[in-house]
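Engineer: Sequence:
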Amino acid sequence: MAKQKIIIADDEEQIREILRIYFEKEGFEVIEAEDGAAAILKVQSEKPDIMLLDIMMPVLDGVEVCKQVRKISDLPIIMVTAKDEDDDMIAGLEIGADDYITKPFNSCEVVARMKAVLRRSGTKESKRKVSRIDYDGLTIDMEAYQVTAFGHKMTFTAKEMELLWCLAANAGKVFSRNQLLETIWGYSYYGDTRTVDTHIKRIRQKLDIPEDSTWDITTIWGVGYKFELKGEK
Numbered sequence: 670m671a672k673q674k675i676i677i678a679d680d681e682e683q684i685r686e687i688l689r690i691y692f693e694k695e696g697f698e699v700i701e702a703e704d705g706a707a708a709i710l711k712v713q714s715e716k717p718d719i720m721l722l723d724i725m726m727p728v729l730d731g732v733e734v735c736k737q738v739r740k741i742s743d744l745p746i747i748m749v750t751a752k753d754e755d756d757d758m759i760a761g762l763e764i765g766a767d768d769y770i771t772k773p774f775n776s777c778e779v780v781a782r783m784k785a786v787l788r789r790s791g792t793k794e795s796k797r798k799v800s801r802i803d804y805d806g807l808t809i810d811m812e813a814y815q816v817t818a819f820g821h822k823m824t825f826t827a828k829e830m831e832l833l834w835c836l837a838a839n840a841g842k843v844f845s846r847n848q849l850l851e852t853i854w855g856y857s858y859y860g861d862t863r864t865v866d867t868h869i870k871r872i873r874q875k876l877d878i879p880e881d882s883t884w885d886i887t888t889i890w891g892v893g894y895k896f897e898l899k900g901e902k
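Here the sequence shown is numbered in the working numbering, starting from 670 and rising by one per residue.
In short, the hints are calculated from the structure, not lab data. Check before you lean on any hint, since a few could be wrong.
What the hints assert, rightly or not - Taking lysine-lysine and the BS3-like style, the derived pairs with C-alpha atoms no more than 30 Å apart in a straight line are: (1) Lys672 x Lys694; (2) Lys711 x Lys694; (3) Lys822 x Lys716; (4) Lys842 x Lys822; (5) Lys672 x Lys822.
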């Protein structure tokens, strides 16, 4: 069985080396990139399964790398930020990152987070084979990995697809932010509810739901979100 590939994009050689040791011990194949440009080239040539991407890198920073990678791949991306870089974290999530982790971090924590994201990605693959939802003006086809809304085919990241599917497949059910973190990202303790809010915001922007739609993604203040079928209680 082929090993899963992880690309570590970080300009600090010591960090790459420490993480390489941990990931290789867990049975992963590790690819390294020391700057943003090299990271994009290696994503294209090596076809990794997941990416650990530092925000602060030479040549191209992590946010720009994430933008470019999202044009060619939907591989899961975990951004790495310093604790005082909330704006960078939010920017990364808004342009397609699946998750983030802050420095300084524990290497075991990084491995656990990577495995959680990969588990969710594996669940996504199984859903593709059997799953499709149709509402008036909306089709979510996990087999084709395609969303069509109001006559337009749309491009969604892996986590956006997972989140939209979770809500639409449970119409009328209210999910708390923590429930969505656990369901979509596969963990609860390390999660930040802003991750959910940012993804919901991006999904709404892409869908551009008209006022006369028979469904909506509704915010339940103080709780979370639900996929609402209008006219149903």
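Engineer: Could you run down the list of hints and mark each one as holding or not?
Structural biologist: Do the hints match the structure? See the list:
no. : hint            : verdict
1   : Lys672 x Lys694 : 12 Å, holds
2   : Lys711 x Lys694 : 22 Å, holds
3   : Lys822 x Lys716 : 25 Å, holds
4   : Lys842 x Lys822 : 26 Å, holds
5   : Lys672 x Lys822 : 34 Å, violated
Violated hint: 5 only; the structure is consistent with all others.
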